[in-house]
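Asks: Listed here are the chains, written in short residue letters.
Protein chains: 6
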Amino acid sequence: MPYINVKITDEAVTNEQKKAIIQGCTQLMVDVLNKDPATTFVLIDEVSTDNWGIGFEQVRQLRLLASHSQ
Amino acid sequence: MPYINVKITDEAVTNEQKKAIIQGCTQLMVDVLNKDPATTFVLIDEVSTDNWGIGFEQVRQLRLLASHSQ
Amino acid sequence: MPYINVKITDEAVTNEQKKAIIQGCTQLMVDVLNKDPATTFVLIDEVSTDNWGIGFEQVRQLRLLASHSQ
Amino acid sequence: MPYINVKITDEAVTNEQKKAIIQGCTQLMVDVLNKDPATTFVLIDEVSTDNWGIGFEQVRQLRLLASHSQ
Amino acid sequence: MPYINVKITDEAVTNEQKKAIIQGCTQLMVDVLNKDPATTFVLIDEVSTDNWGIGFEQVRQLRLLASHSQ
Amino acid sequence: MPYINVKITDEAVTNEQKKAIIQGCTQLMVDVLNKDPATTFVLIDEVSTDNWGIGFEQVRQLRLLASHSQ
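Residue numbers (our numbering), protein chains in the order written: chain Y, 26 to 95; chain W, 26 to 95; chain E, 26 to 95; chain P, 26 to 95; chain C, 26 to 95; chain H, 26 to 95.
Pulled out of the complex, with its shape left as it was, chain Y reads as follows (with noise of 0.2 Å):
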């Protein structure tokens, strides 16, 4: 019965992008634990650049330093 909480940049993830890492990572829990599929939750929390730091930074101001250092 695990549960699995995946917090990622909201940064245009397609249903495509969702509907694979639920499957990953429920795939993994039956490869690695044999854990049951039923009672194995996935929860995906998509977080604004805005809200999410590193290294001191926003990650909105990371992408904008990137894109203009290319």
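It does not matter which identical chain is used: a pair holds within one copy or between any two.
When the alpha-carbon atoms are kept at most 16 Å apart in a straight line, the in silico EDC-like pairs for lysine to aspartate or glutamate are as follows:
| # | residue 1 | residue 2 |
| --- | --- | --- |
| 1 | 44 | 82 |
| 2 | 44 | 70 |
| 3 | 44 | 71 |
| 4 | 60 | 71 |
Worth flagging that the hints you see were computed from the coordinates, not collected in a lab.
Following the hints, put chains W, E, P, C and H in place on chain Y, whose structure we already have.
Replies: Same frame as chain Y, now just chains W, E, P, C and H:
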């Protein structure tokens, strides 16, 4: 000083239902553990049915399958 | 398919109290939202009073102050 | 490699305030634990005042009561 | 820069299984979302079977019932 | 009424460091958002280096590699 996080699918939860969840969880902490309501937090997360998986499937898909099979 | 995470301080919580929390939270989901108990998860985290702060203070310290002031 | 999750009510938090939270939490990890900012994550969740309860009440209701009593 | 939190019951999970969970979740983020592994965190919480409830029951109790019915 | 959850690796964190984290996070909420410390919670989770992965590796393994390369 309990902290309770209730994650449910985002399916037309009413304000009355939210109040009932907050009151019920808080009362449970008072009744079972003699906690002070003034420092009991209840946070409700409403999660898109696209972003919640169970048994390899998005809940949105499970809802569709259930409605079709009726 | 709710997921409920209850965080409480690690202060001699009994097994009967844990059962009461699990049953009370699950019943609340049934009563308020008509959820299926078979896919309702309740997870209890017992947090050391050294690791929980409120009002600038560790709960351990608050407990000491409260016991001295009695 | 700390991970810090800051949950606050969704009440007109400005971008400058978000930056200050990210910078302050990251600096704290550097100062207190000598952590590397490059692998320090800060995630801010803005929670609706309908979905946050304290003392049996929604924060939205508490805000209304406070404004009326002024 | 994903953050993945895997909550499983504390039932003799081996170090090889933990490695497989970390590697599988990280690879999934690379494959599906093209994320950088260097800023992909995977955190595993092992939760006591006394502290995890499903269907009104502690998992410990469910395990006992399952073993008796065999 | 903020709630702050700080997850760090379980590597001999001292009680003084825990106090500094609690005080620093709480002060940040006061300074940046004018929050009331009396309803500001800070929870510290110390996570085993076996259970925290980054870049496909357990932190325990990364610590070993770092100590060998010195």
